[in-house]
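J.: I would like the entire structure built from these sequences, with the hints used as guidance.
2 protein chains.
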Amino acid sequence: MTMECRYCPLRRKDAFSPLSQDEIAFMQKFKAGELTVEPGTPILMEGSNAPQLFTALSGMGIREKTLANGERQVINFIFPGDFIGLQAGLLGEMGHSVEARTHMRLCVFNRSDFWNLFKTHPSRGFDVTWLAAVEEHFLGETLATIGQRTALQAMAWALVKIFQRGEALDLVTNNQMALPYTQRDMADSLGLSLVHTNKTLSKLKDRQLASWSDKVLQINDLSALAEVAVMNLDKPQPRPLI
Amino acid sequence: MTMECRYCPLRRKDAFSPLSQDEIAFMQKFKAGELTVEPGTPILMEGSNAPQLFTALSGMGIREKTLANGERQVINFIFPGDFIGLQAGLLGEMGHSVEARTHMRLCVFNRSDFWNLFKTHPSRGFDVTWLAAVEEHFLGETLATIGQRTALQAMAWALVKIFQRGEALDLVTNNQMALPYTQRDMADSLGLSLVHTNKTLSKLKDRQLASWSDKVLQINDLSALAEVAVMNLDKPQPRPLI
DNA sequence: CGAAATATTGAATTACGTCAAATAGAGTGG
DNA sequence: CCACTCTATTTGACGTAATTCAATATTTCG
Chain W
1 MTMECRYCPL RRKDAFSPLS QDEIAFMQKF KAGELTVEPG TPILMEGSNA PQLFTALSGM
61 GIREKTLANG ERQVINFIFP GDFIGLQAGL LGEMGHSVEA RTHMRLCVFN RSDFWNLFKT
121 HPSRGFDVTW LAAVEEHFLG ETLATIGQRT ALQAMAWALV KIFQRGEALD LVTNNQMALP
181 YTQRDMADSL GLSLVHTNKT LSKLKDRQLA SWSDKVLQIN DLSALAEVAV MNLDKPQPRP
241 LI
Chain V
1 MTMECRYCPL RRKDAFSPLS QDEIAFMQKF KAGELTVEPG TPILMEGSNA PQLFTALSGM
61 GIREKTLANG ERQVINFIFP GDFIGLQAGL LGEMGHSVEA RTHMRLCVFN RSDFWNLFKT
121 HPSRGFDVTW LAAVEEHFLG ETLATIGQRT ALQAMAWALV KIFQRGEALD LVTNNQMALP
181 YTQRDMADSL GLSLVHTNKT LSKLKDRQLA SWSDKVLQIN DLSALAEVAV MNLDKPQPRP
241 LI
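Those sequence lines, one after another, are chains W and V.
Under UniProt numbering, the first residue of the first sequence is numbered 1, with each subsequent residue one higher.
Under UniProt numbering, the first residue of the second sequence is numbered 1, with each subsequent residue one higher.
If you're looking for bench data, these hints aren't it; they were derived computationally from the structure.
Incorrect hints may appear among the rest.
Listed below are several chain W residues computed to face chain V (Cβ distance under 8 Å; list not exhaustive) [stated by the list, open to error]:
hint, residue
1, Glu-71
2, Leu-86
3, Leu-91
4, Gly-95
5, Phe-118
6, Lys-119
7, Pro-122
8, Thr-129
9, Ala-132
10, Glu-136
11, His-137
Ideal placement from N, C-alpha and C gives every residue a C-beta, glycine not left out.
T.: Below, the structure written as structure tokens:
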């Protein structure tokens, strides 16, 4: 039994901007179904021309890209509400792979309907572009992180970003949230070695800023952490949910 | 005297996909004017809510982002045909600054007309999204470069990418093209120090793969360079021109 | 319970950054 | 055209943040 869009619990989260009744009704028609996957399941493959697009409804995943020599870059972490497959939908080829890290529920759309969305509901097409702009914005920040921040600054930045996303999705309780990734995932997302990632996390823990173990992230002092990260602490603004 | 879109010399380049007569006529109305700037001129400021969007018509520029501690990350290099200001247009805030590095001519659009573009010409809205997806794709590759490639691999990758963009724009003659940036720009784009950038370029020159001096890039062996870069050499597909 | 990930720690190594100084151009003004 | 300044490039020496190697816990899971 697939959830009806108008009852979608995601819509109510702070993270997302509201839709009109009309738009919700349209999305219901656009929605082709739901997909449920287990941890480790590949959802989209780099270079593939997938016929389907997704929105993550629950669970977490990862966007990653592998070089010919086997090195892996984690592009970012996928949280509920994230739109998956834009590149396949438009360019006809994914620049990265997407894989589930927990049990995930995904809203499924047909790529063939995608153009129709722009034509009949330009406001929703506008929203897709909005999301693309948000992603571009985020990737620019990530670039600055990997390129210019030290390991400690980068790790602090990453944890703050993750925590803020968690907050907007009501995933945080008592300054804690589930973070079901491995240190290897985190290392590959920041361009650090696994060993140094581990030691950098220890350092943040020693300083009583944040700790992440047993798949639980705890932030003790968000503003101090942001200070270490050389970043500004401003709330992410609401974004559309596709 | 501003150029009419239908005579725009950019449209004919391999880099871009063709437009219908109708679409060109519409773009003509959408176009608010032209802007000419000198080297060093800031075009958009990080954090600003600019009322205007641009497409680069000629010349080159740079997208960059500066951290609170003064470190600078070059997000990418701006070539003719690049769309500028998507983030301001949608999110109301640029995530990076844009600055001219040569004399540049820019096509100017009003942000207030932007929504209208999606509404009345969904195909053009679709194209804007296409460009956003291309950018996202590129930033993902850049992330993998800074995060996973060595200095030599990264430099080789950057030069191949630039050269390919140049080729698609007919900027290459005799395996040479103008590349009016400084080594500092390049260093900040790859997250390397200036000194190491210089030494890495020397190494590529010693190996007879590529040389870049006096603002001219020369590629001697593109496929060998791509091999050093651990990358695949496939032609960039045509993309829309806004 | 055993096997395979994952996490942790110490020691050795290195790719890269920093410092410093020389050289080379590019632009300005007299 | 020549001083002058400013920016960009180049090179050598040295320092270090981060990688790699290696070994040992610890957890996860079939």
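J.: Hint by hint, say whether it matches the structure.
T.: Hint-by-hint comparison with the structure:
no.: 1; hint: Glu-71; verdict: holds (4 Å)
no.: 2; hint: Leu-86; verdict: holds (5 Å)
no.: 3; hint: Leu-91; verdict: holds (5 Å)
no.: 4; hint: Gly-95; verdict: holds (4 Å)
no.: 5; hint: Phe-118; verdict: holds (4 Å)
no.: 6; hint: Lys-119; verdict: holds (5 Å)
no.: 7; hint: Pro-122; verdict: holds (4 Å)
no.: 8; hint: Thr-129; verdict: holds (4 Å)
no.: 9; hint: Ala-132; verdict: holds (3 Å)
no.: 10; hint: Glu-136; verdict: holds (5 Å)
no.: 11; hint: His-137; verdict: holds (4 Å)
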